[in-house]
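Trainee: Add chain B to chain A, keeping to what the hints say.
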Amino acid sequence: EAGVTQSPTHLIKTRGQQATLRCSPISGHTSVYWYQQALGLGLQFLLWYDEGEERNRGNFPPRFSGRQFPNYSSELNVNALELEDSALYLCASSLVPRAADTQYFGPGTRLTVL
Amino acid sequence: AQTVTQSQPEMSVQEAETVTLSCTYDTSESDYYLFWYKQPPSRQMILVIRQEAYKQQNATENRFSVNFQKAAKSFSLKISDSQLGDAAMYFCAYGLEEGSQGNLIFGKGTKLSVKP
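Those protein sequences? They're chains A and B, same order as listed.
In this text, residue positions in the first sequence follow this note's numbering: the first is 423, and each later residue adds one.
In this text, residue positions in the second sequence follow this note's numbering: the first is -11, and each later residue adds one.
For reference, chain A alone in the conformation it holds in the complex (with noise of 0.2 Å):
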């Protein structure tokens, strides 16, 4: 069974520029996490879809959003870039929409911003 995928593996953008980063959830699973894992600073909790719908979303800036697509994939989106936004993006999905259900983490997108 194919594991959490992401895509682009990395992406190197400019200050104010947008970039999308994609995550495939496992097969049948239903929700969709998004952390950020800055240097030093741990995982930080960006967002969290299920059945298509945003259910939760960390302590970022709207310009952090995304979507989740009727097959459970999921788009993240930072628009404006900063330098401080250069970090590892990790995509989580799990079968069931509680956290108390494990997540499933994807390789990650290596995001860079000059």
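Keep in mind the hints are simulated off the structure, nothing from the lab.
Derived CB-CB ranges, DEER-like: (1) A:Phe491 <-> B:Asp14: 34 to 40 Å; (2) A:Gly425 <-> B:Leu72: 22 to 28 Å; (3) A:Glu476 <-> B:Thr8: 34 to 40 Å; (4) A:Asn499 <-> B:Glu49: 34 to 40 Å; (5) B:Pro29 <-> A:Ser449: 24 to 30 Å; (6) A:Leu505 <-> B:Ser(-5): 25 to 31 Å; (7) A:Thr534 <-> B:Asn46: 39 to 45 Å; (8) B:Thr48 <-> A:Thr534: 37 to 43 Å.
Yeah, the Cβ is synthetic: ideal placement off N, Cα and C, and Gly gets one too.
Mentor: Coordinates of chain B only, in the frame set by chain A:
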């Protein structure tokens, strides 16, 4: 708000020895889950072990076991017979049983080195 603290940024262990990674958390909830995730240098996070707060028995998975102290809000990970492949970042995480907070809350991680 719930928080997770890992007080050891880096740890080192000799191959075949035992090491314990510390994690404390703060919550006013009674029903929750705790996790240890491993992130090897290749970046893919994988689940190591999972503990339900309502269970008094400590979870074990082969060489990995936890010491869960609910009253003290402590959740340490013990790795026995350490292997070179155990070298990774280890993250402690907390998740609520129910509610709108479906996300996990992570500590900042402990980097484990294994010496041959």
